[in-house]
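Build out the structure end to end from the sequences listed, making use of the hints.
2 protein chains.
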Amino acid sequence: MQEALALFPELEKEQASQNASLRLRAAIGRSYHDIIRSMTGQMLHAPDFILFPKTDDDVTHILKQATDKSITINTFSGGSNVTGAYEIEETDQVVCSLNMKHMDMLLELDEVSQTATFQAGIFGPKLEEILNSKGFTMGHFPQSFEFSTLGGWLATRSAGQESGLYGKIEDIVLGIKVITPSGSMEDVDFPRHASGIDLYPLFIGSEGTLGIITQAKVRIHKLPESYSWKSALFKDYASGMEALKEMIQVGIHPSIVRLSDPMETKMLSLMSNSKKGPVQQFVQNIMKSYLVSKGFSKPCIMMMRFAIKSESSKTDMKVATRISKKHGAKMLPASVSETWEMNRFALPYLRDPLVQHRIMIDTFETVTYWQNIVPLYEHIQKALADHSDYFDKGGFLFCHVSHAYLTGASLYFTMLARQEKGNEVNQWLQLKEVVSNAVIEHGGAISHHHGVGKDHRKWYRQKLGESSRQLLSQIKGLLDPKRVLNPGKLFDEKKD
Amino acid sequence: MQEALALFPELEKEQASQNASLRLRAAIGRSYHDIIRSMTGQMLHAPDFILFPKTDDDVTHILKQATDKSITINTFSGGSNVTGAYEIEETDQVVCSLNMKHMDMLLELDEVSQTATFQAGIFGPKLEEILNSKGFTMGHFPQSFEFSTLGGWLATRSAGQESGLYGKIEDIVLGIKVITPSGSMEDVDFPRHASGIDLYPLFIGSEGTLGIITQAKVRIHKLPESYSWKSALFKDYASGMEALKEMIQVGIHPSIVRLSDPMETKMLSLMSNSKKGPVQQFVQNIMKSYLVSKGFSKPCIMMMRFAIKSESSKTDMKVATRISKKHGAKMLPASVSETWEMNRFALPYLRDPLVQHRIMIDTFETVTYWQNIVPLYEHIQKALADHSDYFDKGGFLFCHVSHAYLTGASLYFTMLARQEKGNEVNQWLQLKEVVSNAVIEHGGAISHHHGVGKDHRKWYRQKLGESSRQLLSQIKGLLDPKRVLNPGKLFDEKKD
Chain A
87 MQEALALFPE LEKEQASQNA SLRLRAAIGR SYHDIIRSMT GQMLHAPDFI LFPKTDDDVT
147 HILKQATDKS ITINTFSGGS NVTGAYEIEE TDQVVCSLNM KHMDMLLELD EVSQTATFQA
207 GIFGPKLEEI LNSKGFTMGH FPQSFEFSTL GGWLATRSAG QESGLYGKIE DIVLGIKVIT
267 PSGSMEDVDF PRHASGIDLY PLFIGSEGTL GIITQAKVRI HKLPESYSWK SALFKDYASG
327 MEALKEMIQV GIHPSIVRLS DPMETKMLSL MSNSKKGPVQ QFVQNIMKSY LVSKGFSKPC
387 IMMMRFAIKS ESSKTDMKVA TRISKKHGAK MLPASVSETW EMNRFALPYL RDPLVQHRIM
447 IDTFETVTYW QNIVPLYEHI QKALADHSDY FDKGGFLFCH VSHAYLTGAS LYFTMLARQE
507 KGNEVNQWLQ LKEVVSNAVI EHGGAISHHH GVGKDHRKWY RQKLGESSRQ LLSQIKGLLD
567 PKRVLNPGKL FDEKKD
Chain B
87 MQEALALFPE LEKEQASQNA SLRLRAAIGR SYHDIIRSMT GQMLHAPDFI LFPKTDDDVT
147 HILKQATDKS ITINTFSGGS NVTGAYEIEE TDQVVCSLNM KHMDMLLELD EVSQTATFQA
207 GIFGPKLEEI LNSKGFTMGH FPQSFEFSTL GGWLATRSAG QESGLYGKIE DIVLGIKVIT
267 PSGSMEDVDF PRHASGIDLY PLFIGSEGTL GIITQAKVRI HKLPESYSWK SALFKDYASG
327 MEALKEMIQV GIHPSIVRLS DPMETKMLSL MSNSKKGPVQ QFVQNIMKSY LVSKGFSKPC
387 IMMMRFAIKS ESSKTDMKVA TRISKKHGAK MLPASVSETW EMNRFALPYL RDPLVQHRIM
447 IDTFETVTYW QNIVPLYEHI QKALADHSDY FDKGGFLFCH VSHAYLTGAS LYFTMLARQE
507 KGNEVNQWLQ LKEVVSNAVI EHGGAISHHH GVGKDHRKWY RQKLGESSRQ LLSQIKGLLD
567 PKRVLNPGKL FDEKKD
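If you're matching them up, the sequences are chains A and B in order. The opening position of the first sequence corresponds to residue 87 in the numbering used here, with each subsequent residue numbered one higher. The opening position of the second sequence corresponds to residue 87 in the numbering used here, with each subsequent residue numbered one higher.
In short, the hints are calculated from the structure, not lab data. The model shown is predicted, which means the values in this text are computed figures rather than measured ones. Possibly wrong hints are sitting among the right ones.
Which copy? The list can't say, so a pair holds if one copy fits it or any two copies do.
Okay, derived cross-link-like pairs now, BS3-like style, lysine-lysine, Cα gap no bigger than 25 Å in a straight line [unchecked claim]: (1) Lys384 / Lys468; (2) Lys404 / Lys308; (3) Lys352 / Lys212; (4) Lys308 / Lys479; (5) Lys412 / Lys308; (6) Lys479 / Lys544; (7) Lys507 / Lys404; (8) Lys581 / Lys562; (9) Lys308 / Lys400; (10) Lys220 / Lys412; (11) Lys400 / Lys580; (12) Lys321 / Lys384.
This is the structure we're talking about:
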């Protein structure tokens with residue numbers, strides 16, 4: 087503590103902590119890899135101190151001292167990262183975790199223009215509570231919503247469940263204030279403009295390696311009048327994809343869409359059935375009869391939630407139904423989506439108990455153009471079959487599309503398998519290698535919304551052109567000349 | 087010629103020209119300032135050669151030689167720029183105009199994912215012809231459409247008349263290939279992603295100062311089934327703005343929207359009347375009766391064109407009508423928009439004859455948040471009244487909104503006045519100063535879609551923060567270390 091305050095003399099006593107459990111928390115994210123590492127007693131490097139800036143000036147001070155004294159700064163906001171963003175490489179330097187949680191104020195709300203400016207450390211629930219109380223929403227609901235912050239969303243290119251209507255975080259942001267070791271930067275922001283180069287996009291997806299985002303101005307929306315669900319059952323994944331593509335390309339944007347592959351559809355059906363309510367039984371019966379009589383050998387469910395904002399939203403739902411039917415779907419009662427909706431933020435809570443029961447559960451996700459969406463899905467399955475014994479040993483793989491754009495869509499996979507006792511970390515590393523290779527070899531991005539961190543760095547760098555690598559490294563040198571910010575994330579300090 | 091080929095030995099004979107009229111053409115844009123300068127015999131610096139690259143390798147060669155030999159390279163594509171982008175500062179260096187028009191091929195078309203990749207020198211009509219023949223459109227129709235190119239649109243942050251539906255060029259682009267004096271760069275592109283920092287946004291709005299965009303991948307759309315117009319007459323500009331804002335914020339997106347202020351509405355009505363067709367007479371009569379009986383003392387017309395893509399588009403039109411009426415509008419027959427639609431690309435052609443008849447005609451445009459849209463409009467009028475004798479001498483000022491976003495909109499002004507003989511350039515410079523000061527002092531961008539060039543540089547730099555200025559200058563130094571690219575545009579070589 088004394089030591090921390092000696093290094094950062096302008097901070098107040100309560101702005102630094104050496105509390106052991108806080109330090110441990112700041113070293114571990116929320117991925118299966120993180121949990122396994124901590125449960126199996128792997129060596130972890132924790133930060134020496136936690137710093138809690140309250141103001142932009144605090145951040146400036148911290149970065150200046152860190153640069154002058156070669157102190158490593160790892161940014162931490164909500165702590166929900168799943169790509170190894172908090173992993174600390176072995177170093178002789180003092181390592182500080184910069185915890186942004188006290189910078190969580192609304193700075194400006196323009197109800198007419200529908201913009202809001204927040205400090206970047208604000209968590210999802212507080213941000214939405216503030217906006218909801220005035221009749222607005224930002225519309226950004228990642229599954230980590232409760233445990234993640236605006237700054238974290240921007241730094242990792244987050245996507246929320248309602249991205250179909252409100253956009254990914256890079257579509258939502260209008261401008262940021264960012265503090266770098268070389269100075270603080272804030273572009274003038276406009277709804278759109280033609281007055282030169284925007285610098286703020288450099289920091290979107292920069293994962294704390296170029297500077298600390300301290301404020302962001304975002305688009306907000308009036309809360310919709312209501313929500314309404316449509317659910318459709320498709321004969322196979324490809325026809326569901328076709329229907330979804332056609333909807334989006336014709337301009338129909340459900341706020342939430344989730345198209346599950348046959349395996350995930352089966353799982354959802356079992357989960358639904360386990361409650362044995364009359365509605366679920368009814369749905370189950372319908373589904374069974376389809377399976378038998380209509381050739382739905384690999385049924386895939388698509389759930390769509392529409393935000394009702396005007397008469398047009400209701401027509402949109404009709405168009406979505408028409409297009410689904412055109413692609414051979416049977417419409418299901420809206421209630422089938424209810425189980426999922428009730429639990430949509432709860433699934434990550436399931437993970438820890440499963441791991442304790444020696445189940446490996448991990449997720450990975452990617453994005454590609456429509457042309458490549460079914461081939462990529464199949465390549466990933468094939469890679470797991472060909473290059474691992476995953477399926478032989480009873481592993482399950484589920485997939486859904488939950489973010490669809492004019493030109494393509496994301497694929498979100500869940501892996502569920504028995505843990506290999508004593509080999510937990512290696513088991514994960516091997517599978518990660520197989521699926522990540524398959525993703526980038528077949529035209530997928532190494533991530534659609536989780537980010538790069540340490541876990542994906544290798545594959546990210548494989549796809550980075552030499553000129554881009556060089557320019558990024560030079561820009562890093564300009565903004566963070568002593569390379570104190572988040573070493574080992576995005577950049578490879580040994581090579582960049 | 088020989089000299090050009092000696093400087094750029096890998097080019098073929100027909101790839102360089104010293105033709106005098108080509109050189110003159112490459113020195114003059116399409117602004118009133120350009121035309122006045124050329125008509126009044128002002129000193130113009132023309133480039134020494136015109137270079138016509140055919141391939142990326144040609145561009146690489148040209149930039150390498152230019153860097154090695156300190157040759158200035160001014161990029162020129164369609165030649166429609168109105169912000170002084172082709173002005174050449176006095177220099178001892180050889181100055182080349184890089185004309186991209188031979189790099190105009192379709193490189194890839196993905197009809198499933200709705201993406202297309204073109205060489206950047208392709209002109210609007212050829213690009214649309216290629217796409218239309220396959221049933222697609224890119225949906226980018228700036229008024230310069232016939233005389234401007236994809237690369238030019240990207241370099242200047244262009245906006246087309248249908249931006250409401252298809253977006254501004256920065257919303258349309260998915261990725262670019264850019265060649266800089268330090269190397270060629272091409273990010274891997276995805277519909278969206280979370281795999282690190284996108285570098286391509288650095289070149290959007292860079293106006294040829296950081297590199298030459300040689301290719302771009304863009305989103306394309308199926309051609310709509312048809313188009314349909316709605317026109318509404320509002321009691322004043324503010325209520326029209328309110329209606330437009332409400333439509334956009336509730337998710338209704340006419341592909342074209344044009345909300346004219348009272349003065350422009352009057353002009354449109356006169357133009358419509360001058361044809362004396364029965365429909366126009368009818369409209370004129372309706373408008374007159376409103377003016378008399380309904381208190382439409384300052385009527386403002388809003389024309390909206392909807393692209394019919396599904397049943398939802400028709401509901402959108404109903405919602406637009408309902409919202410217009412809610413804000414006191416009377417709906418007009420769709421035919422009133424026809425005159426405007428027929429002439430929507432022709433208006434710039436009117437400019438030269440007007441100038442020859444000693445009429446000053448110039449346009450300027452800006453963008454701001456909704457909160458500020460009416461105040462900014464009024465501030466600009468007031469500034470012209472207070473700081474010039476523009477209105478005293480019979481000058482007219484018209485305005486319309488033609489690009490509306492969730493958070494704000496553009497304002498596009500036309501100035502029409504008598505030329506001051508012998509003082510033509512100064513007259514323009516003085517007015518430019520007054521309106522540009524008003525724009526940036528009251529929260530507008532110095533441009534929404536024309537760009538910065540030389541004419542807006544002063545105001546652009548006034549709003550650029552010191553850290554941003556410094557980082558941009560450093561990035562310029564990395565990519566164009568000898569500063570051979572478009573000197574005097576965006577950057578101030580004496581200070582940056």
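Going down the list of hints, with the structure as the test:
For the homomeric pair Lys384 and Lys468, the shortest alpha-carbon distance inside one copy (18 Å) is at most 25 Å, but the shortest distance between copies (68 Å) is not. Within a single copy, Lys404 and Lys308 get their C-alpha atoms as close as 23 Å, and across copies as close as 20 Å, so both meet the 25 Å cut-off. For the homomeric pair Lys352 and Lys212, neither the shortest alpha-carbon distance inside one copy (36 Å) nor that between copies (50 Å) is at most 25 Å. For the homomeric pair Lys308 and Lys479, neither the shortest alpha-carbon distance inside one copy (50 Å) nor that between copies (46 Å) is at most 25 Å.
Taking CA atoms no more than 25 Å apart as the test, Lys412 paired with Lys308 passes between copies only; the shortest distance there is 18 Å, against 33 Å inside one copy. Taking CA atoms no more than 25 Å apart as the test, Lys479 paired with Lys544 passes in neither setting, with 28 Å inside one copy and 68 Å between copies. Proximity of Lys507 and Lys404 under a CA criterion of 25 Å is satisfied in neither setting, with 51 Å inside one chain copy and 63 Å between copies. With identical chains, the CA atoms of Lys581 and Lys562 are at most 25 Å apart both within one copy (13 Å) and between copies (23 Å).
In this assembly of identical chains, Lys308 and Lys400 lie within 25 Å of each other by CA distance both inside one copy and across copies; the values are 17 Å within and 23 Å between. Within a single copy, Lys220 and Lys412 get their C-alpha atoms only as close as 41 Å, which misses the 25 Å cut-off; across copies the closest is 23 Å, which meets it. When the C-alpha separation of Lys400 and Lys580 is checked against a cutoff of 25 Å, the pair qualifies neither within a copy, at 56 Å, nor between copies, at 59 Å. Within a single copy, Lys321 and Lys384 get their C-alpha atoms as close as 6 Å, which meets the 25 Å cut-off; across copies the closest is 59 Å, which misses it.
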